[in-house]
Structure formats: C-alpha cells, structure tokens
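Asker: Here's the letter readout for the chains.
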Amino acid sequence: MLERISRPAEVRRWPGSIPVGHRYTPGRAGEVFFTALRDGGVLLGARCSHCDLVYAPARAFCERCFSELTPDTEVGPGGELLSFTIAFAHVNGDPLDVPVTYGLVRLDGADTVFLHVVLDAGDEPLEIGERVQAVLKPEADRTASILDVEGFRPERSDD
Amino acid sequence: MGRRVAVVGAGMTRFVRRAQETGKELAWEAARAALGSCELTLDDIDAVCLTSAPDAFDGVHKKGEYLSEGAGAWGKPCIRTYVGGGSGVFAGIQAWYTVASGMADIALVVAEEKMSSTQPHPQGAFLTIFDSVLERPLGPNLLWIFALEMNRYMSVHGLDKRDIAAVAVKNKRNASGHPSALLGQAEITVEDVLASETLAWPVQRLDVSPISDGAVALVVASEDVAERITDRPVWIQGVGWNLDTAYWTNRDLVFPEYVANAARMAYDMAGVTEPRKQIDVAEPYDPFDYKELHHLEGLLLFDRGKAPEAARDGVLEREGDLPSCPSGGLLGVGNPIAAAGLMKLAELFWQLRGEAGARQVPGSPERGVAQAWGDLMQVGTVVVMGVDEHRRASGAAVSNPPAEPAGRGLSEPEFRSAVGAVEHAVDARYEWDAGVAVGRFLDGLREGRILGRSCQGCERVLVPPRMFCERCFRPTDAWVEVEATGTVQTYSVCHVAWDMRPLDAPELPAVIAIDGSDGGFLHVLGEVDAADVTVGMAVEAVWKHVGERQGSILDIAYFRPRRGV
Chain E
-4 MLERISRPAE VRRWPGSIPV GHRYTPGRAG EVFFTALRDG GVLLGARCSH CDLVYAPARA
56 FCERCFSELT PDTEVGPGGE LLSFTIAFAH VNGDPLDVPV TYGLVRLDGA DTVFLHVVLD
116 AGDEPLEIGE RVQAVLKPEA DRTASILDVE GFRPERSDD
Chain B
17 MGRRVAVVGA GMTRFVRRAQ ETGKELAWEA ARAALGSCEL TLDDIDAVCL TSAPDAFDGV
77 HKKGEYLSEG AGAWGKPCIR TYVGGGSGVF AGIQAWYTVA SGMADIALVV AEEKMSSTQP
137 HPQGAFLTIF DSVLERPLGP NLLWIFALEM NRYMSVHGLD KRDIAAVAVK NKRNASGHPS
197 ALLGQAEITV EDVLASETLA WPVQRLDVSP ISDGAVALVV ASEDVAERIT DRPVWIQGVG
257 WNLDTAYWTN RDLVFPEYVA NAARMAYDMA GVTEPRKQID VAEPYDPFDY KELHHLEGLL
317 LFDRGKAPEA ARDGVLEREG DLPSCPSGGL LGVGNPIAAA GLMKLAELFW QLRGEAGARQ
377 VPGSPERGVA QAWGDLMQVG TVVVMGVDEH RRASGAAVSN PPAEPAGRGL SEPEFRSAVG
437 AVEHAVDARY EWDAGVAVGR FLDGLREGRI LGRSCQGCER VLVPPRMFCE RCFRPTDAWV
497 EVEATGTVQT YSVCHVAWDM RPLDAPELPA VIAIDGSDGG FLHVLGEVDA ADVTVGMAVE
557 AVWKHVGERQ GSILDIAYFR PRRGV
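Going down the list, the protein sequences come from chains E and B.
Heads up: the first sequence at position 39 corresponds to 34 in our numbering, and the numbers run straight through without jumps.
In our numbering, each residue carries its 1-based index in the second sequence increased by 16.
Just chain E, same shape as in the assembly (with noise of 0.2 Å):
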C-alpha cells in the first residue's frame, strides 16, 4: 500500500522547533556548593554518616540511604584521575583548532567523580591514576559556576 516515492527532492518537509530555554537554579545543596567555591575557593561536599560516602559536589540527601546532608565537607583541590579523554571534534562535528581533554576526578575526601577539564596535559601522555589539582579563577572573576573551576592540573606540570 505504500506509495513510492521517486522524487525525493520534492518531498515537501515541515521545519520547526521546540521553541523553549531553560532557566536551572542549583537547589538547596547546589547554593551553598556555588556560594562557598565563589566567596571561599573550596569545593564542597556532604558527608553521610550512615553509608560512610563523601558526595562531591555536596547533595542535600544521600541516594542510598535517603538521609538528609549538610554541605560541609571541604574535599580536593588535589584528587586522582580516573578516566580522561580527549576531545577532538566540537559537538557538531566540526573539527576543534584545540582539542579539549575531558577528566574524571576523584577529589581527596570524597567518594564520587567529578566531570571537568584536564589543562596543561603536556607533552607527557596523561596517565590514569595520576594526581591532578584544581585550578580555580581568581576570586574577582568567580561567579558561582563550574566554570569558577578552571580544570584540574596534572601535579607534574608543578614540577
């Protein structure tokens, strides 16, 4: 029953969009993380007491055990890497003039990854499980976003 179709090119099509943005506030744990990382420089998380877990960034409640969290442990700057990669091509495929290296970080006291760029890899090929430290803004340019966190530096590139 399916009609076929020999002119593709004149098949009519209907262009549209989902003409929506979005407007994220970080939420109760989210505030004070954005708030201490601007104002103090430190990275924080929350500690459940229960399971023993350190979550960084700081959650409001522990997904294991449901219990309510405070936001009060300074965890990092230094932490080990866990997985890298390197990004070659942005998102719409084009080729990037720099490419990005992409890390996953355990921060020191905490038990959970944190997503973030790896600066000044080097010469040297990164290694998986090699000591990286976060590199902050200076406080004036901080604005309470991830980005006040500039990437994680390999500790070697201190040398």
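None of the hints are false.
Cut-off 25 Å, straight-line C-alpha distance, at most; resulting in silico cross-link-like pairs (DMTMM-like, lysine to aspartate or glutamate):
id	chain 1	residue 1	chain 2	residue 2
1	B	Lys78	E	Glu26
2	E	Lys132	B	Glu439
3	B	Lys92	E	Asp47
4	B	Lys322	B	Asp176
5	B	Lys560	B	Glu499
Simulated from the structure, these hints should not be mistaken for laboratory data.
For this one, chain E is given, so just place chain B on it according to the hints.
Answerer: Positioned in the frame of chain E, the structure of chain B alone reads:
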C-alpha cells in the same frame, strides 16, 4: 486479579510557583515524607514506580533517570511511566500491577514536576502536541484545545458559564485548608472568575490551574505486608485506563468516552455497579474548571450535561452529597502535572483514613475514585480506592500533609538572581515529512480539493485521510473527494499567544466538520465577527489564489460563513 494491594503511606511537598529545590530534591522530600508516614525506610522498598510529564518541563532529557535517586531508585528496579497529564494517576496503576503481580511486596511511587525551569513559558513544550503538518502551521497554542472542547461542551448542553465557574470557586476555597496549596482563596466568588481576563473564550484566567513545581509520593504494599505496616490500609480496589484516537478533530468533544471506558474497567474490578451510590468522594482531574465536570460525567457519576447543575447546587462541596476535589485540586493546590495527578490518590488515602484535617469530608467515607486525563485529550486513568467497613475512620487525630510541608517557593526576583543559576536553550530542530496519506491530502489542497480516504470496514470517510483505519486496523480503501464546506463543531476567540502575550487581533480557531466525511480538522474562521459565530454554523473554505498555494493546510486561507445558506 492478582494479590490485594493497599496504599499504606503518602507524602507531598508544598506546590509552589518556583521551587528553590531541584527536581531531585523535591522528589526526595515527597518520598521521605511518604516513607516516614508509615515508618518505613528505603531498605524496605522493593521497586520504584516513577512518573513525570514532558522532559521539556524540567529541561532534562530522560527525566526519569535524572529523578531516580530522588525517588529512592538507587540499585532498585525502577521505571518511569508517562501518559501526559494522566501520568500521576497512572503511577498508582503501575504500582498496583507491580505489587499485585508479585514482582514487589512494597513499592515506592513518586511523581515530580518542575515547570518553572521552562522559559519563556511551559506552553512552548506543548506546541508539538499538535500535528506538525496539519495543525502547527495554523499557529495553535494549548489553550485552543481546551477552549474548543469547553465551548462544545457548553454549547451542546446549553450550559451557563456561572455553573462552570462554581468549580473554580469550590476548589480554590477547598484549597485554603490545604497546607501544600499554592492558590487557596477562601473568599473567591463566581463573579471573580467571570471578571478575570479572557484568554481564549470561553476560558478565562481563573478557569485555569497555575504553573507549579512540586512532588508527591505513595507507599504501596501487598495485602499481607500492608496489614503489618498499618491497621488502616486503603485498598486499591480497581484500576482502569483507556486511550482514544489522536485524531482529536474526528471526535465529538462533548463527552470523554475514554474516561468512561477507563471508569468502567476500574468499577468492574472494584465491584462497583452503581457509581453514584457507591462512591463517597471523588478526585476528578481539574486542570480547567469545566474539565472537572466533564470528567465527573465521564466517571458515570452524573448524566451527560448534568454535572454543572450539581456544582451550582452545592452537591460537589465538601459537605455535599458527592464531595469532588476536597483537596482543592489542581485549580487550588496547584498543577505540577504528574505530581498533581498523584496528589489525587494521596488525598483519597487521607480522606478514607480520616486524616485530611481541615479538608476532611464528613461521614467517614468508605470508597473514593481518582482520575486524570492527558495526552492529546485522549487518555483516561482511573483508580478506585476504599477501606474495609470495620476500619472506617473515626476521628483520627493525624492531619496530612503536615502543617509545614517541605518545599520553598522563590519569588520572581529570587529566581532571577539565584546563586549559581544557568540558562540553556534546547537547540533541537526538526523536519517533518507529511507521509503518504497527508502528502496526497496536501496535493489535493494545492488543487483546491479536499480529499479523504474511505474505510469499507466501518463505512467512514476519514478526513484527515490515513492509509489505515485506526478502528478496523485494516488498510483504507479509496480516495474520496469531499466538499469544501462544513459546519463549525466548536470555536474559540483566542486573545493570547502560546507564551501568554496578548495578540493584536484575536484569532478564531475552529474545528470544522467537513461535509461528506466523518471527520474534519482544525482551522481558523474569517470574514465573520466573533460575536456572530455559532456552533453548528455552515462554513465554506476560502482558498488562496492558485499561484500562492504550496500544498499546505494554509492553502485554505480560512473558513467563512457559507454564502446563500
């Protein structure tokens, strides 16, 4: 029908315009309140039933996964179900079959919605509910379908808008006793509703429930487990759900047949043979005031067209013969879509246990029905709940939800200046093609002809045409040219755009039943004053000039009153 299943706990957040909490935090607050109400912990939960309406509201693709940890789903079987506005009540149905089947003994049910994230207006997320090829070129907004359905309902039954407005008054007054309510108003009157801004006639501002954020949760357990958890389990006695065709312009909008089908399914299971006598309290879905009445009729609690006079005569009041939306409903408590539906089950739980505090209906109700509705005005979800005769409430001291539910509303300035807030747009663009049947239909329009497809199975002529009949589920048989004339099934006079900005000139959307067919479609009226349009008016298509036609629904410029009729 599987094991008996009971609701044993319930909790909810405050419903607010802009929540300080994230969606996850809202879900967690409701879930822990529900667990706390029956003194269980997450360790006791075998499975999680999660629901939330369109992803676009929270702005999170795969919202079910995003919300899962707030719903207590870490390391547990969890699935998000979604049937549009019907989702909240459907989550109760999902919990019923999860437990009745023996898959879980105790299930946590969580419904969350955070509509305030959506900018500039959550209606933007609803625009794709309309057919991309046949309807979106007309520039519809969501209010159109409500206004069109409401007008048809009012016109066919000759209803007085005052009687419909009485529902908004009742619910906003009922909500004034609800600690979670966003819009409780003890002093509101019918005159206030009738004086509110007209959005899309006959829909006025106070006929509509507000955009809201919030979450609700239930704990549901199998019979043997429920008896250990509480001495007052509230049984899920019947469940039903049903879906009508998405060709909404082919339906008579005056009666929600899909709600009636879902209700019959639930009543059969519950052993309810005379709903009006055997149901003591109802929580029908009320995103608009007329919808509560429409749904009470769909629930077979009133004859067709008779629910409005019940509203007028006080039958639906908390002290009336059939209390309806004693919670305050979506119109009063608020409408965080999926959460608002589940709130209706929570309210029955509290009412049937005598724990509804200031909202308690008198007379120790024994059985209630909750219902929600959604998708393209086509889904009905129904749950019947009841308590055992010897366990009927007798003046419980508990009041639920507690006087200080979780959830804090941000003011507009607080929302705009919130620390750490970020904005993103969904940069998703689409190209829809018309497909076989509608492609030919559009070719016909370019030639100035309206084409349908005949089905020999049900002897219908389908407009818009389709290559298969959704009722007979067989190929349709032949192309048929029908008239370019028809009658106005229903119409609206719309004064606002989808983002609620006022229009310079009102639009006149209408559903046109096409002569010589069993269907019709959405279009707009022209060459007529709004005041002169009537339901049942004969109209004819006004075509664009041949050279301007593009094979589009807009090749018909509009329909105008038929000349010489």
